[in-house]
Amino acid sequence: GIQVEQSPPDLILQEGANSTLRCNFSDSVNNLQWFHQNPWGQLINLFYIPSGTKQNGRLSATTVATERYSLLYISSSQTTDSGVYFCAVRGVTDSWGKLQFGAGTQVVVTP
Amino acid sequence: DTGVSQDPRHKITKRGQNVTFRCDPISEHNRLYWYRQTLGQGPEFLTYFQNEAQLEKSRLLSDRFSAERPKGSFSTLEIQRTEQGDSAMYLCASSLQLEAFFGQGTRLTVV
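Those sequence lines, one after another, are chains A and B. The first sequence begins at 1490 in this note's numbering and counts up by one. The second sequence begins at 33 in this note's numbering and counts up by one.
Chain A with its partners taken away, still in its complex shape (with noise of 0.2 Å):
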């Protein structure tokens, strides 16, 4: 299956820094999306990229397709930015129901 790499897997910021989190996936797909997992352990969903640039807010997020990578833009960041990103992909192989998450970055925001 469809293999998913998070870089990095920590980040510590100070408020107001601007940040870069990388997703990595192995083959082309059909749908990627950014998650901000919440202390309760709720997914928030950011993006639905599966292709190009978005932005919302202070977040930003480009997938490059063809060399198979997305990246998750924070910028002036909040202490509430803590917590985990998640990207999750489906494969264009895979069958509809299985999005392939990757292990996360924390990230954590000092005032």
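Read the hints as simulated data drawn from the structure, not as lab findings. Using N, Cα and C, we set each Cβ at its ideal position, and we do this for glycine too. It is possible that some hints are incorrect.
Heads up, simulated EDC-like pairs for lysine to aspartate or glutamate below, C-alpha to C-alpha not over 16 Å straight-line [said to hold, decoys possible]:
hint : chain 1 : residue 1 : chain 2 : residue 2
1    : A       : 1543      : B       : 131
2    : B       : 89        : A       : 1583
3    : B       : 46        : B       : 131
4    : B       : 43        : B       : 131
Partial chain B-side listing against chain A, Cβ under 10 Å, derived [as the list claims (entries may be wrong)]:
hint : residue
5    : 63
6    : 69
7    : 75
8    : 94
9    : 97
With the hints as your guide, set chain B onto chain A.
Below, chain B without anything else, positioned relative to chain A:
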């Protein structure tokens, strides 16, 4: 649209007992998914329904696990004869097209 709803949020059970979790998807979504997440890992796919039909089951879904979606609306996930290794967060998601939306999860602790 109140999002995907899961019940209960937390469940503590003794080893060997049976437990059942419920998931109510977003109302117009015909696809429903169950995932399991253990500490420090990304969610792993368990099973997928399209309407009432269970179309895919992961090898992670042992014979002690059963999922149903009897009328194509809510779904239940039952674990029989629970083991300590079943302790995890159980996440439900739903979708109309490719983008999946997750519920708050049910955190199971087997003691």
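Structure-based check of all given hints:
{"no.": "1", "hint": "A/1543 x B/131", "verdict": "holds (15 Å)"}
{"no.": "2", "hint": "B/89 x A/1583", "verdict": "holds (13 Å)"}
{"no.": "3", "hint": "B/46 x B/131", "verdict": "violated (36 Å)"}
{"no.": "4", "hint": "B/43 x B/131", "verdict": "violated (28 Å)"}
{"no.": "5", "hint": "63", "verdict": "holds (7 Å)"}
{"no.": "6", "hint": "69", "verdict": "holds (8 Å)"}
{"no.": "7", "hint": "75", "verdict": "holds (5 Å)"}
{"no.": "8", "hint": "94", "verdict": "violated (18 Å)"}
{"no.": "9", "hint": "97", "verdict": "violated (15 Å)"}
In the structure shown, a violation is registered for the earlier hints numbered 3, 4, 8 and 9, in ascending order.
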